[in-house]
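Visitor: So the sequences go chain by chain: A and B. In terms of numbering that gives the first Met the number 0, the first sequence opens at residue 0 and continues consecutively. In terms of numbering that gives the first Met the number 0, the second sequence opens at residue 0 and continues consecutively.
Hint data in this document are derived by calculation from the structure and do not stem from the laboratory. The structure displayed is predicted, hence computed values, not measured ones. For glycine and all other residues, C-beta sits at the position ideal for the given N, C-alpha and C. One thing to keep in mind: the hints can contain errors.
[Claimed, not checked] Below, simulated SDA-like cross-link-like pairs (lysine to any residue); rule was C-alpha separation at most 20 Å, straight line:
no.: 1; chain 1: A; residue 1: K95; chain 2: B; residue 2: A144
no.: 2; chain 1: A; residue 1: K95; chain 2: B; residue 2: I235
no.: 3; chain 1: A; residue 1: K45; chain 2: A; residue 2: G32
no.: 4; chain 1: B; residue 1: K358; chain 2: A; residue 2: E12
no.: 5; chain 1: B; residue 1: K358; chain 2: A; residue 2: S311
no.: 6; chain 1: A; residue 1: K45; chain 2: B; residue 2: L273
no.: 7; chain 1: A; residue 1: K421; chain 2: A; residue 2: I500
no.: 8; chain 1: A; residue 1: K370; chain 2: A; residue 2: D114
no.: 9; chain 1: A; residue 1: K45; chain 2: B; residue 2: Y201
no.: 10; chain 1: A; residue 1: K45; chain 2: B; residue 2: G318
no.: 11; chain 1: B; residue 1: K152; chain 2: B; residue 2: I235
no.: 12; chain 1: A; residue 1: K45; chain 2: B; residue 2: I235
no.: 13; chain 1: B; residue 1: K358; chain 2: A; residue 2: R184
no.: 14; chain 1: A; residue 1: K344; chain 2: A; residue 2: G299
no.: 15; chain 1: B; residue 1: K358; chain 2: B; residue 2: I62
no.: 16; chain 1: A; residue 1: K370; chain 2: A; residue 2: I449
no.: 17; chain 1: A; residue 1: K415; chain 2: A; residue 2: Y456
no.: 18; chain 1: A; residue 1: K436; chain 2: A; residue 2: G422
no.: 19; chain 1: A; residue 1: K45; chain 2: B; residue 2: G239
no.: 20; chain 1: A; residue 1: K120; chain 2: A; residue 2: G299
no.: 21; chain 1: A; residue 1: K45; chain 2: B; residue 2: I323
no.: 22; chain 1: A; residue 1: K45; chain 2: B; residue 2: K152
no.: 23; chain 1: A; residue 1: K199; chain 2: A; residue 2: R184
no.: 24; chain 1: B; residue 1: K358; chain 2: A; residue 2: K206
no.: 25; chain 1: B; residue 1: K358; chain 2: A; residue 2: F16
no.: 26; chain 1: A; residue 1: K344; chain 2: A; residue 2: S425
no.: 27; chain 1: A; residue 1: K119; chain 2: A; residue 2: I181
no.: 28; chain 1: A; residue 1: K370; chain 2: A; residue 2: K344
no.: 29; chain 1: A; residue 1: K306; chain 2: A; residue 2: D114
no.: 30; chain 1: A; residue 1: K206; chain 2: A; residue 2: T220
no.: 31; chain 1: A; residue 1: K119; chain 2: A; residue 2: R158
no.: 32; chain 1: A; residue 1: K120; chain 2: A; residue 2: N102
no.: 33; chain 1: A; residue 1: K434; chain 2: A; residue 2: G475
[Claimed, not checked] To list a few chain A residues with every Cβ distance to chain B over 10 Å, as calculated:
no.: 34; residue: R17
no.: 35; residue: M23
no.: 36; residue: P166
[Stated by the list, open to error] Computed Cβ-Cβ distance ranges for the label pairs, DEER-style:
no.: 37; chain 1: B; residue 1: T339; chain 2: A; residue 2: K95; range: 30 to 38 Å
no.: 38; chain 1: B; residue 1: L77; chain 2: A; residue 2: R115; range: 56 to 64 Å
no.: 39; chain 1: A; residue 1: D183; chain 2: B; residue 2: A47; range: 36 to 44 Å
no.: 40; chain 1: A; residue 1: E156; chain 2: B; residue 2: V39; range: 56 to 64 Å
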Amino acid sequence: MNYRSELRNYQLEQHNFRLRLAFMAVLVLVCFGILGSRFFFLQMLKYDYFQTLAENNRISLVPIVPNRGLILDRNGVILAHNFFAYTLEITPSKVKNVEDTINEISEFIEVSAADRKRFKKLRAQSHSFESVPIRTHLNEVEAARFAVNRYRFHGVEIRSRLFRHYPENNLGAHMLGYIGRINDRDLTALSEANELSNYKGSDHIGKSGLEQYYERQLHGTTGFQQVEIDADGHAVRVLSSTPPVPGDNLILSIDSKLQRIGEEAFGDHRGAMVAINPKNGEVLAYVSQPTFDPNLFVDGIDSESWKALNESIDKPLINRPMRGIYPPGSTFKPFVALAGLEAGKREPPFSISDPGYFMLPGSSHRYRDWKPGGHGQVDVQRAITVSCDTFFYGLALDMGIERLTSFVSHFGFGRKTDIDMKGEMSGLLPTPEWKWKRWKQRWFPGETVITGIGQGYTLVTPLQLAQATAILANKGVAMRPRLVSSIQDARNGVVTPNPAIVVDRVTLDPHHVEIVTQGMVNVTLPGGTAASIGAGSPYAIAAKTGTAQVIGIKQNEKYNESKINERHLDHALFIAYAPADDPTIAIAVIVENGRHGGSTAGPIARKIMDYYLLGKEPPPPAPAADAAVTNAPEPAHEEELHD
Amino acid sequence: MINRFGSYVVRHIDSFLMGSLLFTMLVGLFVLYSASGQNVDRVLSQAANMGAALAIMWIAANIAPQHLERLALPLYILGMVLLVGVFFFGEISHGARRWLHIGFARIQPSELMKIAVPMLLAWYFSRRDNTLSLSNHAIGALLLAIPVAFIMKQPDLGTSLLIASSGFYVLFLAGLSWRLLIGLAVFAGVMAPIFWTMLHDYQRKRIEILFDPYQDPLGAGYHTIQATIALGSGGIAGKGWLHGTQSQLDFLPERTTDFIFAVFGEEFGLMGNLLLLLLFTLIIGRGMVIAGQAQNMFSRLLAGSITLTFFTYVFVNIGMVSGILPVVGVPLPLISYGGTSLVTLLLGFGILMSIHTHKKLVTS
Numbered sequence: 000m001n002y003r004s005e006l007r008n009y010q011l012e013q014h015n016f017r018l019r020l021a022f023m024a025v026l027v028l029v030c031f032g033i034l035g036s037r038f039f040f041l042q043m044l045k046y047d048y049f050q051t052l053a054e055n056n057r058i059s060l061v062p063i064v065p066n067r068g069l070i071l072d073r074n075g076v077i078l079a080h081n082f083f084a085y086t087l088e089i090t091p092s093k094v095k096n097v098e099d100t101i102n103e104i105s106e107f108i109e110v111s112a113a114d115r116k117r118f119k120k121l122r123a124q125s126h127s128f129e130s131v132p133i134r135t136h137l138n139e140v141e142a143a144r145f146a147v148n149r150y151r152f153h154g155v156e157i158r159s160r161l162f163r164h165y166p167e168n169n170l171g172a173h174m175l176g177y178i179g180r181i182n183d184r185d186l187t188a189l190s191e192a193n194e195l196s197n198y199k200g201s202d203h204i205g206k207s208g209l210e211q212y213y214e215r216q217l218h219g220t221t222g223f224q225q226v227e228i229d230a231d232g233h234a235v236r237v238l239s240s241t242p243p244v245p246g247d248n249l250i251l252s253i254d255s256k257l258q259r260i261g262e263e264a265f266g267d268h269r270g271a272m273v274a275i276n277p278k279n280g281e282v283l284a285y286v287s288q289p290t291f292d293p294n295l296f297v298d299g300i301d302s303e304s305w306k307a308l309n310e311s312i313d314k315p316l317i318n319r320p321m322r323g324i325y326p327p328g329s330t331f332k333p334f335v336a337l338a339g340l341e342a343g344k345r346e347p348p349f350s351i352s353d354p355g356y357f358m359l360p361g362s363s364h365r366y367r368d369w370k371p372g373g374h375g376q377v378d379v380q381r382a383i384t385v386s387c388d389t390f391f392y393g394l395a396l397d398m399g400i401e402r403l404t405s406f407v408s409h410f411g412f413g414r415k416t417d418i419d420m421k422g423e424m425s426g427l428l429p430t431p432e433w434k435w436k437r438w439k440q441r442w443f444p445g446e447t448v449i450t451g452i453g454q455g456y457t458l459v460t461p462l463q464l465a466q467a468t469a470i471l472a473n474k475g476v477a478m479r480p481r482l483v484s485s486i487q488d489a490r491n492g493v494v495t496p497n498p499a500i501v502v503d504r505v506t507l508d509p510h511h512v513e514i515v516t517q518g519m520v521n522v523t524l525p526g527g528t529a530a531s532i533g534a535g536s537p538y539a540i541a542a543k544t545g546t547a548q549v550i551g552i553k554q555n556e557k558y559n560e561s562k563i564n565e566r567h568l569d570h571a572l573f574i575a576y577a578p579a580d581d582p583t584i585a586i587a588v589i590v591e592n593g594r595h596g597g598s599t600a601g602p603i604a605r606k607i608m609d610y611y612l613l614g615k616e617p618p619p620p621a622p623a624a625d626a627a628v629t630n631a632p633e634p635a636h637e638e639e640l641h642d
Numbered sequence: 000m001i002n003r004f005g006s007y008v009v010r011h012i013d014s015f016l017m018g019s020l021l022f023t024m025l026v027g028l029f030v031l032y033s034a035s036g037q038n039v040d041r042v043l044s045q046a047a048n049m050g051a052a053l054a055i056m057w058i059a060a061n062i063a064p065q066h067l068e069r070l071a072l073p074l075y076i077l078g079m080v081l082l083v084g085v086f087f088f089g090e091i092s093h094g095a096r097r098w099l100h101i102g103f104a105r106i107q108p109s110e111l112m113k114i115a116v117p118m119l120l121a122w123y124f125s126r127r128d129n130t131l132s133l134s135n136h137a138i139g140a141l142l143l144a145i146p147v148a149f150i151m152k153q154p155d156l157g158t159s160l161l162i163a164s165s166g167f168y169v170l171f172l173a174g175l176s177w178r179l180l181i182g183l184a185v186f187a188g189v190m191a192p193i194f195w196t197m198l199h200d201y202q203r204k205r206i207e208i209l210f211d212p213y214q215d216p217l218g219a220g221y222h223t224i225q226a227t228i229a230l231g232s233g234g235i236a237g238k239g240w241l242h243g244t245q246s247q248l249d250f251l252p253e254r255t256t257d258f259i260f261a262v263f264g265e266e267f268g269l270m271g272n273l274l275l276l277l278l279f280t281l282i283i284g285r286g287m288v289i290a291g292q293a294q295n296m297f298s299r300l301l302a303g304s305i306t307l308t309f310f311t312y313v314f315v316n317i318g319m320v321s322g323i324l325p326v327v328g329v330p331l332p333l334i335s336y337g338g339t340s341l342v343t344l345l346l347g348f349g350i351l352m353s354i355h356t357h358k359k360l361v362t363s
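The following block holds chain A by itself, in its conformation from the complex:
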């Protein structure tokens, strides 16, 4: 009985157990059924969807940034090139605490305060998923040191980046311009130009000068690589590749030697000089003083350097040749003279007897000549040579402002020269119409009078003045001035010339041109206003000096150089072309507060012409003679005065 009951218990136990086990077996099958249907769902129903996802996961289009084109001078001297350097970069979105990460990095790689500042600035300008350099130009030791510690830093990487470098540093900085990091404004512009896809992977863009104007040519076409990547974004294998097309090289018409001579000739003076080949419009030298080092801008300029440059009273960042505007002063006279001749007003032997002043009919106001007592008997040619104000006061009045300005506009005054740089100023050639629009005032005859000597409202840029001189030298044929003479395909070296373009042509009587030219040649001969400039020259120089007032001089007040603050001294101007009979170079020089065109601006032009025409190099520059007046503080600047 006992045994039987145990047996029955045993059997019951086993029966109950088996029931429960069977229940669990069903549960197991149900669960596996769920798994199976999940597989069915993922691998059959949603296969296409996941297949696409996996493909996208796997294949990534990686841009290959093209090499930026080089900039070379006319003799092949490199003015801008690229080199590879290691940078240490942080992708802020991948890093938990950027500040801590930088501190940890700085334990074994030097990170200066300036580096941190720049990083902060760049980071503010970038998206969080973009990598931002914390250090640039890592040396091999530093790169190796980081490589060892790399595992500790997720989101920090060493990258090899192409850096822009301007080996001649300050030389021609305004003309070359510089590149900088692409900012939001650049992005908008790129997107409007439908160029955004070509800038995937690029992080720099031309910001000024030629780097900006020729951005499209210099940048090249971005290539693409289809790569298999892993989840960290590291390329595992290249599937296909479209190579980038490197940017074109720019070959400038600039002669870097001439450029350097021009820059050094300025010494400590501020100002601008442009030399143009009048026959084809090639710009031979393009000087803006003081200058700056464009290399500072490439990695993102630090705030101290930026402050120093931007707040300097010398305004080194201003591209003076095309953005500085000045009254042309007496350099305007040859053009007025030609206008008079062409209008049949001052044909020799017409002459005046100069009492040293000019008076409007019915007025007692005296427009004084620069020479008290006057120049005596003066014809048009002599008027240029001695820079007789009285002659041109009368001529301007006689011609009338409209005729005068409409004629001289053929020399490019009052409009942009269309040089291959952005941001050019157009200067000002005043008319009664303009004055009415601008000031709601009628035009006074006295304003016509002073326009005759390049004063009053008339304003020019040094580039415009050089262009006008070149047009005169080329006997009325205006060539478009340009800095780039040809563009070279970096792949095969094929050179495409940047063609010379005639932008304007005014028919001039050769005899009249001859009269003006002779008057200008006489300027550099004994008795002329710049006789010292022509001294010892084996070639004939046609030139004109000029001074432009910075502040108005009151009637009957004697202009006293010593009394005036250096920054209020007159600007010295000088235009020239040579050889006078068949000119190959036309120059305009402006020395700010340089007082006399003949003494400060003229020698600069002479040095340029001597090197260009004779290959003669000037002796090494001597220290500035008039150091006494160079440091006088004065915040005013031409642009502010005239804008």
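Place chain B on chain A using the hints.
Guide: The following block gives chain B in isolation, referenced to the frame of chain A:
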């Protein structure tokens, strides 16, 4: 002589179970080769783990169940002592306190508990009469809850879940009343929100992300998203061995351990998945047959629990990889890389074999 030795060796080995296990482990080695980026060292090291685990299985298979029964209580006590030791002196790694240094070695007491807990509970219930009272179950539940609580505290959600389920299976198979079960289910429903507050942030996050992995595609949801992409893109036939792009290209995290099934599913597709599921079903089925035929309460409860715990491993792992269960750290049994869990698993199968092959010795 050799024959006799051979028959001695295989005397307590269940050939059906052994064959299924070996085949599954072989598949595991192939998947591991692919998942590790064709790392032969990794495969050899796993093969060595398998060898060691098989040796332990053989030993377990040769220990009669009645000896195991006697070991149950001491083993449980030892395990508890070690767990308490971990709690106070354990070594922290990856934010969890799981390991304990005992002079010469580093051990993970929670692994021991995977076997010790079902053994103890099977022993406890087999000593009672056939009429089990509620209090018996309450005591059983307490014996289970203590180690589970310690392990959860480490924290090791995956292991505590497995141990809890292994204990629950014993309770269930021992005849836990249905009414109580339903009552417990209702209770659990009520307690769930309270339990929720007790979870660690990362555990809570994992559960939240389960329902919407795209909530955090680069963070906690990343595992799930990448794993489902891998599985889904495998299609019906798979991309072929060594050709899974997701796995070969490093998109899959933990792809040799917890997420190895994604590699398998990507390379062998729906067909492969169903075949693997069939293999697991065969093993589980065999385990159930062994449990059903076992001759005493201890053996059948233990065999049932071991088998169903194996099922839990499989279901939780594949469920999490295919995105229907939360991501808890549970490896895919017999396939995932790692020696510790393999040893525990095969020890369990050794016990199953022992139960099956020692039957005749118990009854006449």
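Visitor: All the hints need checking, so say for each whether the structure fits it.
Guide: These are the hints, each one checked on the structure:
For the hint linking K95(A) to A144(B), the alpha-carbon distance of about 39 Å lies beyond 20 Å, and the restraint is violated. Between K95(A) and I235(B) the alpha-carbon distance is near 41 Å, which puts this suggested pair outside the 20 Å criterion. This hinted pair checks out: K45(A) and G32(A) have alpha carbons roughly 18 Å apart, not beyond 20 Å. Between the alpha carbons of K358(B) and E12(A) the distance comes to roughly 17 Å, so the proposed pair stays at or under 20 Å and holds.
Restraint check: the Cα-Cα separation between K358(B) and S311(A) comes to about 101 Å, which exceeds 20 Å; the hinted pair is violated. Among the hinted pairs, K45(A) with L273(B) is consistent with the structure: their alpha-carbon atoms are about 17 Å apart, no more than 20 Å. The straight-line distance between the Cα atoms of K421(A) and I500(A) is roughly 18 Å, inside the 20 Å bound, and the hint therefore holds. Proposed proximity of K370(A) and D114(A) is contradicted: the alpha carbons are some 59 Å apart, above 20 Å.
Restraint check for K45(A) and Y201(B): not satisfied, since their Cα atoms lie roughly 30 Å apart, outside the 20 Å limit. With a CA separation close to 17 Å, the supplied pair K45(A) and G318(B) stays within the 20 Å bound. With a C-alpha separation of about 42 Å, the suggested pairing of K152(B) with I235(B) is violated against the 20 Å cut-off. For the proposed pair K45(A) and I235(B), the alpha carbon gap of about 11 Å is at most 20 Å, so the pair holds.
A hinted pair counts as satisfied when its Cα atoms are at most 20 Å apart, and K358(B) with R184(A) does not qualify at roughly 85 Å. Distance check on the hinted pair: K344(A) and G299(A) sit about 58 Å apart at the alpha-carbon level, beyond 20 Å; violated. At most 20 Å may separate the alpha-carbon atoms for a hinted pair to count; K358(B) and I62(B) meet this at roughly 12 Å. Distance check on the hinted pair: K370(A) and I449(A) sit about 16 Å apart at the alpha-carbon level, within 20 Å; holds.
The straight-line distance between the Cα atoms of K415(A) and Y456(A) is roughly 17 Å, inside the 20 Å bound, and the hint therefore holds. Of the supplied pair hints, the one linking K436(A) and G422(A) is violated, its CA atoms being roughly 24 Å apart against a limit of 20 Å. The straight-line distance between the Cα atoms of K45(A) and G239(B) is roughly 19 Å, inside the 20 Å bound, and the hint therefore holds. Distance restraint check for K120(A) and G299(A): the Cα-Cα separation of roughly 9 Å lies within the 20 Å cut-off, and the hinted pair is therefore satisfied.
In summary, the hint linking K45(A) to I323(B) is supported, as the alpha carbons are separated by about 15 Å, within the 20 Å threshold. With a CA separation close to 39 Å, the supplied pair K45(A) and K152(B) exceeds the 20 Å bound. For the proposed pair K199(A) and R184(A), the alpha carbon gap of about 16 Å is at most 20 Å, so the pair holds. The suggested pairing of K358(B) with K206(A) is violated, with an alpha-carbon distance near 89 Å, which exceeds 20 Å.
With a CA separation close to 17 Å, the supplied pair K358(B) and F16(A) stays within the 20 Å bound. Between K344(A) and S425(A) the CA atoms are separated by roughly 29 Å; this puts the pair beyond 20 Å, and the hint is violated. This hinted pair checks out: K119(A) and I181(A) have alpha carbons roughly 16 Å apart, not beyond 20 Å. Our distance criterion of 20 Å between C-alpha atoms is broken by K370(A) and K344(A), whose separation comes to about 24 Å.
Distance restraint check for K306(A) and D114(A): the Cα-Cα separation of roughly 17 Å lies within the 20 Å cut-off, and the hinted pair is therefore satisfied. Distance check on the hinted pair: K206(A) and T220(A) sit about 18 Å apart at the alpha-carbon level, within 20 Å; holds. Distance hint between K119(A) and R158(A) is fulfilled; the C-alpha atoms sit about 19 Å from each other, no more than 20 Å. For a cut-off of 20 Å, the pair hint linking K120(A) to N102(A) stands: about 17 Å separates their Cα positions.
Simply put, K434(A) and G475(A) have alpha-carbon atoms about 28 Å apart, too far for the 20 Å limit, and the pair is violated. With a cut of 10 Å on Cβ distances, R17(A) falls inside the contact zone with chain B, its closest approach being about 5 Å. Not every C-beta of chain B lies more than 10 Å from that of M23(A), the closest at about 6 Å, which undercuts listing it as non-interface. The Cβ of P166(A) lies farther than 10 Å from every Cβ of chain B, with a closest approach of about 43 Å, so its non-interface assignment holds.
Separated by about 32 Å at the C-beta atoms, T339(B) and K95(A) satisfy the suggested range of 30 to 38 Å. Judged by the Cβ atoms, the range 56 to 64 Å given for L77(B) and R115(A) holds: they are separated by roughly 58 Å. A beta carbon spacing of about 59 Å between D183(A) and A47(B) contradicts the range 36 to 44 Å that was offered as a hint. Distance hint for E156(A) and V39(B): a CB-CB separation of about 31 Å, inconsistent with the stated range 56 to 64 Å.
In the structure shown, a violation is registered for the earlier hints numbered 1, 2, 5, 8, 9, 11, 13, 14, 18, 22, 24, 26, 28, 33, 34, 35, 39 and 40, in ascending order.
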